[in-house]
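Enquirer: In case you want the letters, here they are:
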Amino acid sequence: MLETAATHEAAAGVSYALRWIVALPLAGAAINLIAGKRLQDAAGRTAVAVLGSAMSIASFVCVVAAFLRLRSLPVDERLLLDTVSSWIHIGDLDVSIALAFDPLSAVMCLIITGIGSLIHIYSYGYMDEDPANWRFFGMLNLFLFCMLTLILGDNMLVMFVGWEGVGLCSWGLIGFWHSDHTNTAAANKAFLVNRIGDFAFLCGMFLLFWSLADSGKATLVFRELAHAVPALEGMTLWGMGVATLVTLLLFVGATGKSAQIPLYVWLPDAMAGPTPVSALIHAATMVTAGVYMIVRLNFLFSMAPFTMQVITAVGAATAFFAATIGLSQHDIKKVLAYSTVSQLGYMFMAVGVGAYAAGIFHLLTHAFFKACLFLGAGSVIHALHHEQDMRRMGGLRSYMPVTFGTFLISALAIAGVPGFAGFFSKDEILWRAFLANPVIWAVGLAAAGMTAFYMFRAVFLTFAGECRVEGHAREHLHESSWTMTLPLVVLAAGAAGAGYLGVPAALGGANHFEQWLAPVVELEHAALSHAAGGHDTTLEYVLMALSVATAGLGILLAYLIYIRKSLSAATFAAIGGGVPYRLSFNKYFVDEFYYGFFLNGVLSLSRALAWIDLHVVDGIVNGAARVVRISSDFGGAIDHYVVDGLVNGTATVVDRCGAAARKLQTGGINAYLYVLVLAVILVLFSRAW
Amino acid sequence: MESAIGLNHFLAVGLILFCLGLFCVLTRRNAIGVLMGVELILNGANVNYVAFSKYSAAAVDGQVFSVFVIMLAAAEAAIGLALVLAIYRSFRAIDVSVMRTLRG
Amino acid sequence: MEGLSAEVVVFFFLAGVAVVGACGVAFATHIVYSALSLMLSFLGVAGLYVMLDADFVAGVQLLVYVGGVVVLTLFAVMLTQGIRDVKVSNRSAGRGFGLLTVVAVFALLWRSFQAAQWHRPVEYLAAESSTAAVGNALLGRYVLPFEVASLVLLAVLVGAVVLTRKETAESE
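Protein chains in written order, with my numbering: chain S, 1 to 689; chain L, 690 to 793; chain C, 794 to 965.
Bear in mind the hints are in silico, worked out from the structure with no lab data behind them.
Values in this document were obtained by computation on a predicted structure and should not be read as measured data.
Cβ coordinates follow ideal geometry from the N, Cα and C atoms, glycine included.
Watch out, some of these pointers could steer you wrong.
What the hints assert, rightly or not - Between beta-carbon pairs, the in silico distance windows are:
| no. | chain 1 | residue 1 | chain 2 | residue 2 | range |
| --- | --- | --- | --- | --- | --- |
| 1 | S | G658 | C | G809 | 24 to 30 Å |
| 2 | S | I90 | C | R888 | 49 to 55 Å |
| 3 | C | G809 | S | Q665 | 39 to 45 Å |
What the hints assert, rightly or not - Short, incomplete list of chain S residues facing chain C, as computed with Cβ under 8 Å:
| no. | residue |
| --- | --- |
| 4 | V84 |
| 5 | W87 |
| 6 | I90 |
| 7 | Y672 |
| 8 | V677 |
| 9 | L678 |
| 10 | L684 |
With the rest of the complex left out, here is chain S (with noise of 0.2 Å):
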């Protein structure tokens, strides 16, 4: 089918008939959503299931042909195009429904459809006892749909349209067991949160045109855009370059949707979602699109240092201070969420400081070794009846050799142990922290120690030691089904060999991964080799050495604290008088002052008007009425022995004439209409003659 698409070489990019990558989840997502339901009456819910997985894995195929022929053109070229059709075109906005695939897109693409796939295979287990499963797996492939657009979109806004669907599908996947009123709650919590970020990077989006459109040069084209922006050099808005102000919207709207501070707050919640969903939107994809915009837009943020300095700091804040919650946390999912948080602030730590490459390369090999994590997590929740808390689990390595395998590969490629993927991404970003800043340099070593930490915390308490289930879920502890251990082990294998696409230069590696990249991020390509002019190999051997010991150090601890236990948790949660372990415990109290903030401090503001409104403006009312009540005893007084008559006489004067005027207020709308129509044309009669 692909093969015989039209490929007739373009001025710019190779047509390439990309459309059924984005068509065929959709059109699952169409007939599950659509008729699932008598599907799956008719013919059982494998049917939806397969029906799912097939339209996921087709499009892994079709993007893996994409890639193939992505390879076979020369590194200059490499650009597959798909206009679908024409949708605005209006003054100087042009846009069309287009499509486009360049190697950043490749490797997302790669990652959505495969993982994605790999999560679908693995819900048919997850999900076996659920009644809705035409409603999972189509809100998956809409997922997928969705997605895909974000990537593929080859202006603005079919990314947009991209970006505001993933988060629907977020919002109906966190949701799916809707019964719970807690889920419902993340669900709409994760949705707003959203929102807030979608809207700054709409205004970014309306702003970039428009004073492109000043220059002449409005365009939303990726491709275009690369060229016109270097007009924006110079522009200034309210006394900042435009350009910063741009990039600053923009990643607002990153930090919305990659869950960074400040708004990261509701990816924890939404761990309230099926496991499956948490694995693949809330850990491998979804949450990655925000570094994949600044990636995809990297001219236009090189453009702008302190908007890149932001988002470093932001970054390296994030990596910190998530990793710090997430070492308290009893909840497995929790613990995985704010490790998550913790690992793309270290992908935006990259970006900041321009090492695109290496912020990709760390989102492709979290992708691999945290959607493992999730789903090794999701098995041991399935094997014990949804029970997450892991002081209720222990020991389950007997029952679940798979599982545990799987889980521990993927923690020591978190933990960045050498050899793994997570030690080549990782080190990748804290060398060029270093040569950035080393203040930030340490900042992320502290989290990498702390992420070695929580992470073997989790192995040790969830698989090591004596059993802790109870009850009857004990006598039914058992390895999963095929179904879904077969994706861990693929996801595993992929977190043990995935950094080896990358491995850099002072390890004898190529660096493949970062090289097939360049056509995409030129400038920071340049930038890297200006910088290796001083590049020094033994400052790198010796960070990446500090980072090992780190994450020895922290693994070591945990093995004391939870295996050992020759050290007590208790000391050290009792460091500093309990202080820094319960603000960890609970989060830094951050969802507290958000609702205390900004929600109470509305309501304040209403009863403080009201208070106003009650005391100030009625005390002014009553004021004015008592003293004119009191010059009106007065001036009674006086009436009554002074001129009664006079006064009565006014009296019955004004209230004849107030009966008589109160006649005119007949109620009758046709009474009104009289007057009105009548006043209209004395006006006119006489201005007419």
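Keeping the supplied structure of chain S fixed, place chains L and C upon it in accordance with the hints.
Expert: For chains L and C alone, kept in the frame of chain S given last:
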């Protein structure tokens, strides 16, 4: 060629529609009848707009205005009739002479 | 009157339809007859628009008024009184005084436009379809009013729903 029909003819039609609408609004006791009168008034105004648009150099501005008027008339009809339904629920009648709660 | 051209005949026919319909609205005793007369009047006016080369406005007139407003009106009549009810009241109030007022308005306006010195000599512009020009004007010079109009319609939508919704017990 000078046409036998000119601007004034159309203005006259618009005026007649306007006056009949006004009469309807003034004399009807049925709230729906009053609303119909309002629609007639708006139509009279619209005929004028389109006629001016045709017989002047102001291009299509008059037509654009008439499109907006039609839009607002539709909105007014929807809200007006919704109000009539609401009034009917509370008074069990739509005779405007019955609704006299504003009486002084 | 010699030289009774087709244009004159068509104009007086359409104007007659519009005016007769309007008279029906104003004087009919049965509210349903009023509504149907209103439709007749709208059709006549739509014809006048075509004569004035305003194809688009004529189309909108047909769609919105004839298709929408009249049907809505009939619905309201049925919902409030029941179409089979014999007592479909459409009485008028104070006809004499109303007539007097309207005649005054008519005289005033008639005098004003007969006396008016129109800015430029009345002439026919080239008769070509103006739909494209209207479209450009709506999305060009008038794009802001156009967008505001969409907000108005949204508000109307919500408002109409709120107004006609039955009161539920949960409001406490």
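Enquirer: Compare the structure with each hint and give your call.
Expert: Hints, one by one, checked against the model:
Distance hint for S/G658 and C/G809: a CB-CB separation of about 52 Å, inconsistent with the stated range 24 to 30 Å. Checked against the hint of 49 to 55 Å, the pair S/I90 and C/R888 passes, with Cβ atoms roughly 53 Å apart. In this structure, C/G809 and S/Q665 meet the distance hint of 39 to 45 Å, their C-beta atoms being roughly 42 Å apart. This hint is violated: S/V84 has a C-beta 23 Å from the nearest C-beta of chain C, more than the 8 Å allowed.
The beta carbon of S/W87 comes no nearer than 15 Å to any beta carbon in chain C, farther than 8 Å, and the hint placing it at the interface is violated. This hint holds: S/I90 has a C-beta 6 Å from the nearest C-beta of chain C, less than the 8 Å allowed. Hint status for S/Y672: violated, given a least beta-carbon distance of 13 Å to chain C, over 8 Å. This hint holds: S/V677 has a C-beta 6 Å from the nearest C-beta of chain C, less than the 8 Å allowed.
This hint holds: S/L678 has a C-beta 7 Å from the nearest C-beta of chain C, less than the 8 Å allowed. For S/L684, the shortest C-beta to C-beta distance to chain C is roughly 5 Å, which falls under 8 Å, so the interface hint holds.
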